[in-house]
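Line by line, the protein sequences are chains A and B.
So for the first sequence, the numbering used here puts the first residue at 1; every next one is plus one.
So for the second sequence, the numbering used here puts the first residue at 1; every next one is plus one.
Be aware that a few hints might be false.
So the derived list for chain B, only partly shown, Cβ under 8 Å to chain A, looks like this [stated by the list, open to error]:
1. Gln31
2. Glu56
3. Lys97
None of these hints come from the bench; they were simulated from the model.
Ideal placement from N, C-alpha and C gives every residue a C-beta, glycine not left out.
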Amino acid sequence: NAGVTQTPKFQVLKTGQSMTLQCAQDMNHNSMYWYRQDPGMGLRLIYYSASEGTTDKGEVPNGYNVSRLNKREFSLRLESAAPSQTSVYFCASSETGTGREKLFFGSGTQLSVL
Amino acid sequence: RKEVEQDPGPFNVPEGATVAFNCTYSNSASQSFFWYRQDCRKEPKLLMSVYSSGNEDGRFTAQLNRASQYISLLIRDSKLSDSATYLCVVNTGGGNKLTFGTGTQLKVEL
């Protein structure tokens, strides 16, 4: 059972380039999330999808877009990367998204924007 | 005041020691509380949920103090393998939003 799989693990971009981070879960979870983690700061929510077909902004959505392609997949797109988006990105999922249940995380993507 | 605050540490303790971390939260309406463990350069993983009555899982004990708005994690008989960062997570305001603390780093030494 793979759980939450995200790709790529590492990426280096130049300022202005675009890219999409992919995430898939095989646990039949309804809710999926994208977080970023920066030194000295807690994980911050970028976007989330409470259920298939819905997406909502989190705490730090500027510069990002998301797509909930189906129940399994939730992608994060950087249209024009900026150095401030250098971070570690984690995708996560949970069964119902109530805020009272376990989050399952992917292994992370380390992104550097030069 | 931050919504969730933790002492970043590091806490350096000898193997076999007992160590405790606290985490304070600002929103008194928060309902759900968790401790996650994060190893270096890895994803966070749930260590334990924190229940109102307190709960224990082997060497780990979690407690909630609603009056003073903090949760705690106690680790007894520390092992080298307990070395990690411990993240406090609170569903701020009792809704579906989860707020992560910055984490407390624990280093267990021989």
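Results of checking the hints against the structure:
Evaluation of the glutamine 31(B) hint against chain A yields a held restraint, the C-beta minimum of about 7 Å falling below 8 Å. At about 18 Å, the closest approach between the beta carbon of glutamate 56(B) and any beta carbon in chain A exceeds 8 Å, and the interface hint on this residue is violated. A least Cβ separation of about 6 Å between lysine 97(B) and chain A falls short of the 8 Å threshold, and the interface hint therefore holds.
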